[in-house]
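Peer 1: All chains, full assembly: derive it from the sequences and hints.
Going down the list, the sequences are from chains A and B. Using this note's numbering, the first residue of the first sequence is number 1, and each one after it goes up by one. Using this note's numbering, the first residue of the second sequence is number 246, and each one after it goes up by one.
If you are wondering where the hints come from, they were derived from the structure by calculation, not from laboratory data. Treat the hints with care, as some may be off.
Under 10 Å between C-beta atoms, here's a sample of chain A residues computed to sit facing chain B [to be verified]:
no. : residue
1   : D75
2   : V115
3   : R117
4   : T133
5   : K142
6   : A146
7   : R197
8   : T200
9   : G211
Just so it is clear, the structure is predicted and the values come from calculations on it, not from any experiment. Note that beta-carbon positions come from the ideal geometry of N, C-alpha and C, so glycine has one too.
Below, each chain spelled out in residue letters.
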Amino acid sequence: MPIVEPSLVEVQRTEKLALDGIDVSGDWNTFLRSRVHTDLDLKVLEWVQSQPQGETISRCWQCGTCTAGCCMHTDFGLEEFNPRYFIYLAQIGYDEELRKYVDTIWRCVSCNKCVERCPKGVKVEEVVHTIGTYLEVTGIAKESPADRFDRAYTENLLRRGVLDEAALFRTYERLEGRKTPTRELLRLGLSMLLSGRLHTGPLAHRARGWGRMKPVLTRLMTEDLRRRRDSATGPGAVASPGRRP
Amino acid sequence: MSASRGPADEVPAYYPGCSLDGLGKAYEVSCQWVLRRLGLSLDRIVDYNCCGATEVKNLSQEVSVVLPARNLALARGMGRHQVVAACNGCVYSLTRANDALSDEPTRGRINDHLTAGGSPRYDGGASVQHVLEFIHNRAGPERVRHSVKRPLAGLTVAPYYGCLYSRPKRYTGVGLTPGTDDPEHPEFLDELLTACGATVLTDYSAKTICCGGGHALSDLDVSVAFSASVMNEAKRAGADLVATICPLGQINIENNLDRIRQTYGTEAILPVAYFTQLMALALGASVKEARLKDNFSRPDLFLRGRGFP
Ligand code: SF4
Ligand code: SF4
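Peer 2: Here it is, written out as structure tokens:
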């Protein structure tokens with residue numbers, strides 16, 4: 001594949017060069033440093049592919065449409081956030097390069113512009129998340145703020161079947177070690193309560209019949225989490241039963 | 246995804262989702278107001294549960310399909326073929342579940358989980374649409390125009406759709422299902438607000454950008470920057486107000502107001518309102534009835550200043 005990682009690109013730059021009085025300074029030549037990969041391991045690709053959220057990864061033909069419109073890459077301007085490249089690295093099994101993006105990859109905001117546009121039907125957003133999950137479950141990356149939020153969100157909704165928004169806010173603030181001043185919280189809370197928007201604690205909504213659903217979902221969640229950890233870290237990738245043919 | 250929307254005159258099941266029963270109450274109230282005035286009705290799914298939005302799928306595929314499937318099963322249990330949701334995140338997860346459940350082995354497994362949890366089974370057949378699409382398809386700009394009591398004349402509105410309203414098409418079924426809006430350049434909201442007498446900025450550049458709501462709490466730099474863009478771009482195009490169609494978008498943008506003010510200055514702030522609040526106003530509701538005071542960006546003050554009672 002003709003695509004290389006940015007660290008191998010070397011640009012010959014001339015700062016001040018004039019020819020016949022015309023300023024021609026700038027980038028002149030681009031070189032690619034040659035390299036030989038010996039540390040490729042397809043485990044990451046196999047694992048991502050074995051997950052129902054990641055199974056479309058092999059369809060990618062590296063057109064770059066996803067990155068061109070990606071709101072983190074283009075609008076927010078975080079150049080190193082490059083879904084096409086993350087997929088490439090996973091496809092060739094280049095863990096060593098992938099690990100440079102542990103602080104970047106979790107920042108996908110799930111806008112799904114990439115999924116909308118991908119000409120090959122890759123579920124890019126889910127694939128990117130799955131690559132991020134691989135990095136996390138194998139211990140290459142630490143749990144990210146987004147992972148913590150997903151966890152807090154899921155635990156919160158499983159409790160009663162309906163989200164307790166205020167409790168989620170409090171839990172997440174605690175997880176991140178942040179603290180909104182109590183006075184502000186009270187002011188906000190009171191106005192929400194008076195306008196009937198605050199359903200927390202004893203006032204929280206609950207889905208009737210949740211008592212039976214909850215243990216089933218809790219078990220499924222535990223099983224899925226265990227399975228994905230074992231299959232990524234155990235000997236050889238184990239195909240998830242959630243995988244579609 | 247489904248190629249059919251069931252009988253055209255069916256009263257669809259209504260999936261409120263957690264937001265409309267919580268922080269998005271103004272959306273719920275104004276929505277019901279608009280539906281009533283336009284002679285449309287929806288039947289609430291009573292014991293609905295949270296759909297899992299975009300978060301749960303990052304932890305467990307099974308749970309991320311069971312959650313929405315239970316709601317779709319309840320809707321089918323009410324005899325309905327259509328489900329209407331008012332939140333883009335809910336539309337996403339409900340349509341995503343339909344896509345996953347088009348696979349037979351998956352459907353079998355998910356139904357086992359549903360049965361074990363005391364929920365009815367779901368064998369497909371509930372087509373999902375956004376309430377904006379529902380109003381547009383059932384009432385249409387023409388009926389809205391005839392029902393307007395107090396045109397939004399003189400108001401320039403930026404129509405903000407955000408993400409996940411009609412994209413990704415592989416889930417929402419755009420192109421396969423009639424009555425779906427364009428995923429890249431939607432126009433249903435433009436048409437409805439124009440019918441209400443507003444000047445609508447159809448070419449508004451931030452129309453379908455992300456507000457950062459998915460990371461509203463976990464990545465503040467991003468959610469503040471995107472929320473600011475939604476308002477800045479509207480301001481640049483000459484808008485008085487931004488109209489939203491998603492509670493997560495509305496709440497995220499408004500939750501960031503102080504931080505936007507600190508970073509970009511007070512000039513960057515515009516009043517933001519649910520599209521149903523603006524429609525309700527045009528259809529005869531007062532500022533109070535449309536609950537415009539609920540919004541932190543205080544569109545109530547602005548609209549009262551423009552002579553709305
Ligand atoms: S748009 Fe699709 S095919 Fe193109 S690079 Fe991205 S994932 Fe690959
Ligand atoms: S969903 Fe994520 S990867 Fe895709 S365009 Fe949006 S931010 Fe980029």
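Peer 1: Against this structure, judge whether each hint is valid.
Peer 2: Hints versus structure:
1. Checking A/D75 against chain B by beta carbon gives a least distance of about 6 Å; that is within 10 Å, so the hint holds.
2. With a cut of 10 Å, the hint placing A/V115 at the interface with chain B holds, because the nearest CB-to-CB distance is about 4 Å.
3. A least Cβ separation of about 8 Å between A/R117 and chain B falls short of the 10 Å threshold, and the interface hint therefore holds.
4. A least Cβ separation of about 7 Å between A/T133 and chain B falls short of the 10 Å threshold, and the interface hint therefore holds.
5. With a least beta-carbon distance of about 14 Å to chain B, the hint placing A/K142 at the interface is violated under the 10 Å criterion.
6. Evaluation of the A/A146 hint against chain B yields a held restraint, the C-beta minimum of about 5 Å falling below 10 Å.
7. A distance limit of 10 Å between C-beta atoms decides the matter here; for A/R197 the minimum to chain B is near 5 Å, and the interface restraint holds.
8. With a least beta-carbon distance of about 9 Å to chain B, the hint placing A/T200 at the interface is held under the 10 Å criterion.
9. Because the closest C-beta pair between A/G211 and chain B is about 8 Å apart, less than 10 Å, the hint holds.
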